[in-house]
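Q: Here is how the chains run, residue by residue.
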Amino acid sequence: MSSRTTASPSTTGTAPADLGLVMRGVHLRHGDGAETVHALDNVDLTVAPGELAAIVGPSGAGKSSLLAVAGGLARPDQGAVTVAGHDMTVSSRRARTELRRRHVGFVFQSGNLLPALTAADQLRLPLRLGGRRDRAGRDPLEMLGHVGLAGKADRRPHQLSGGERQRVGIARALMTQPSVLLVDEPTAALDRARSHDIVQLLAQEARERSVAVVMVTHDHDVLQYCDTVYEMIDGKLATSS
Amino acid sequence: MFLAIRELGFARLRFALMGAVIVLISVLMVMLSGLSVGLVRDGVSGLQNLPITSFAFAHGVQHDSAFSRSVVDASTVDTWREQPGVAEATPFGNTLINGRTDRGTEVDLALFGVETDSFLSPAVSEGDRLGPADGIVVSPTAIDAGLRVGDTVTVDRLGTKLRVVGVTEQQDTFGHVDVAYVPLATWQAVKSGTPAGTQVSAQATQEITAVAVRAADGDSVDLAAGDKAAGTESLTLEESYGASPGYTAETTTLQLIQGFLYAISALVAGAFFAVWAIQRKQEVAVLRALGASTGWVLRDALTQALILLALAIAVGMGIGLGLGALISGGNVPFALHPQSIAAAAAGLLVLGLVGAAAAVVRLTSIDPATALGGNR
Ligand SMILES: Nc1ncnc2c1ncn2[C@@H]1O[C@H](COP(=O)(O)OP(=O)(O)OP(=O)(O)O)[C@@H](O)[C@H]1O
Ligand SMILES: [Mg+2]
Chain A
1 MSSRTTASPS
11 TTGTAPADLG
21 LVMRGVHLRH
31 GDGAETVHAL
41 DNVDLTVAPG
51 ELAAIVGPSG
61 AGKSSLLAVA
71 GGLARPDQGA
81 VTVAGHDMTV
91 SSRRARTELR
101 RRHVGFVFQS
111 GNLLPALTAA
121 DQLRLPLRLG
131 GRRDRAGRDP
141 LEMLGHVGLA
151 GKADRRPHQL
161 SGGERQRVGI
171 ARALMTQPSV
181 LLVDEPTAAL
191 DRARSHDIVQ
201 LLAQEARERS
211 VAVVMVTHDH
221 DVLQYCDTVY
231 EMIDGKLATS
241 S
Chain B
1001 MFLAIRELGF
1011 ARLRFALMGA
1021 VIVLISVLMV
1031 MLSGLSVGLV
1041 RDGVSGLQNL
1051 PITSFAFAHG
1061 VQHDSAFSRS
1071 VVDASTVDTW
1081 REQPGVAEAT
1091 PFGNTLINGR
1101 TDRGTEVDLA
1111 LFGVETDSFL
1121 SPAVSEGDRL
1131 GPADGIVVSP
1141 TAIDAGLRVG
1151 DTVTVDRLGT
1161 KLRVVGVTEQ
1171 QDTFGHVDVA
1181 YVPLATWQAV
1191 KSGTPAGTQV
1201 SAQATQEITA
1211 VAVRAADGDS
1221 VDLAAGDKAA
1231 GTESLTLEES
1241 YGASPGYTAE
1251 TTTLQLIQGF
1261 LYAISALVAG
1271 AFFAVWAIQR
1281 KQEVAVLRAL
1291 GASTGWVLRD
1301 ALTQALILLA
1311 LAIAVGMGIG
1321 LGLGALISGG
1331 NVPFALHPQS
1341 IAAAAAGLLV
1351 LGLVGAAAAV
1361 VRLTSIDPAT
1371 ALGGNR
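So the sequences go chain by chain: A and B. Residue numbers for the first sequence follow my numbering, beginning at 1 and rising by one. Residue numbers for the second sequence follow my numbering, beginning at 1001 and rising by one.
Think of the hints as simulated: they come from the structure by calculation, not from any bench. Don't take every hint at face value.
[To be verified] Stretch-level coverage of chain B by chain A, calculated; a stretch enters the list once three of its residues show a Cβ under 8 Å from a Cβ in chain A: (1) 1006-1020; (2) 1027-1035.
[Stated by the list, open to error] Computed Cβ-Cβ distance ranges for the label pairs, DEER-style: (3) A/Gly145 x B/Ala1020: 37 to 43 Å; (4) B/Ile1005 x A/Gly145: 44 to 50 Å; (5) B/Gln1170 x A/Pro115: 56 to 62 Å; (6) B/Ala1314 x A/Ser92: 55 to 61 Å; (7) A/Arg93 x B/Val1332: 54 to 60 Å.
Ideal Cβ positions, reconstructed from N, Cα and C, are used throughout, including at glycine.
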């Protein structure tokens, strides 16, 4: 943790890779028998702190599956996954939940905010999910201001635009100061200008806070802001030209 | 808590509708509780106030009508008195009469025939204790109904005149009829249908309804052995309530309704929270993906159910108590009993929570991976 917070932006590109996300020889199959889908086929991926990696590919290629495995939502059938040096493939669901709470941030398509919560409460929520001692984190109001939503702290999701919702989602994911941010199609519900804003925000946050960001997208327009671009086809991951 | 209370506030209309159902059930529950306590009091308070532990009725008597059918020979009293553990045994006579006061008011009375110098002769709050052959001591509820100390009640058909000399200390009713304690000899005359001024037959002076038995403090009486010796059939005081007219039918009906209400509240809570859980699927998947443990999700959901149920039950009980206060004191047998109301509230809360818990456990099976795009 301390090495990450003391790292300056200029050194993040060379920071030790195991502080970010590392996946080695990961396989994931869904279903069984003739129905088996090889969602992840020998995937290797390293994303360093401060790096924004994009994954593109056709529908059903396994992009969401990769994020699920990277964040400990699903256990791979084979292979190693570490986040900031922590093994995300441990069998205990409880242990993976705790690792996720401490080290991983998720940003979902269309924000996936909780309808009952105001923007400020959306940001407080991650700090409330652990025990009392986990409550220290960033200041929600400051964070909202940081993503350009100062003055909208009391709005509920239905009172926010799609782009604003996505900003709240990104701010929420950053509240616990995660090592890795996993982002699934953040611009799917947004127009062109908003899409650029959001991905620029992600790139900026990745650098400023030395977070390893993996973003799945269909939107080739926004790849200019990404450090690395991977392409996923039929569960296989390859570097894109 | 964090999410639970915010959701309660956000979806307040939805929760209020659900709460309203529980409020209504709670009101009904208070009403039923008041009614059952009232009915029990109206049905058997005369028996409850007797300082005895059991009755020895005639052998083979039907239990649900023992008081009206049982005839026991007075000599069995002596047999019972000698049983080990028996502190006192005394004759007890019971019969219902219709009569008319000298002022023309119609009265129904449940006569309790007792020996005037026995331990069953009641203390009085007004007037004199039993003594004169025609003197009766009545329940204060009879006074509320218009009878006065000094009134003479003439028994229909027989013409026997009974003079109200005193009033017992607390409500004494039997099968919803006011109790009048009467000297045993007078009771025997009325029970045997002997008209006023006629000699009571020798046989009638030997007949009583039952032997009232009081066990020595801390001692228990072997009722079976006593029955064998005396040729009687004993019922404990509590068992004898079932022999009071209508008692068993009334209490089982009310218990049945109460049982249904408990079941309904559990089902209503279960159905509501089942639908709520299905609607929250995506939201819970997000919570789990953000790092909420299943324990956190369950605690939050159950806290929500607890707050909703407790609030609704409190409001319902409050309304019920208000309505009950209006009703009690009238003609309806209704009495609010703090303990039974608290028990009903606790029962509703526990069963509501059980219903909610059964619905909410499904939240644990939600796959957090469904929070990711593509599955929406
Ligand atoms: N829970 C599951 N059970 C069975 N098969 C699944 C499950 N989840 C995903 N799959 C399959 O695994 C493959 C990869 O799915 P995944 O959601 O990772 O694709 P994706 O690249 O994210 O697609 P999209 O671009 O449409 O979101 C698909 O063929 C899908 O049908
Ligand atoms: Mg997907």
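Q: Report the numbers of all earlier hints that the structure fails to satisfy, in ascending order.
A: Of the numbered hints, 2, 4 and 6 do not hold.
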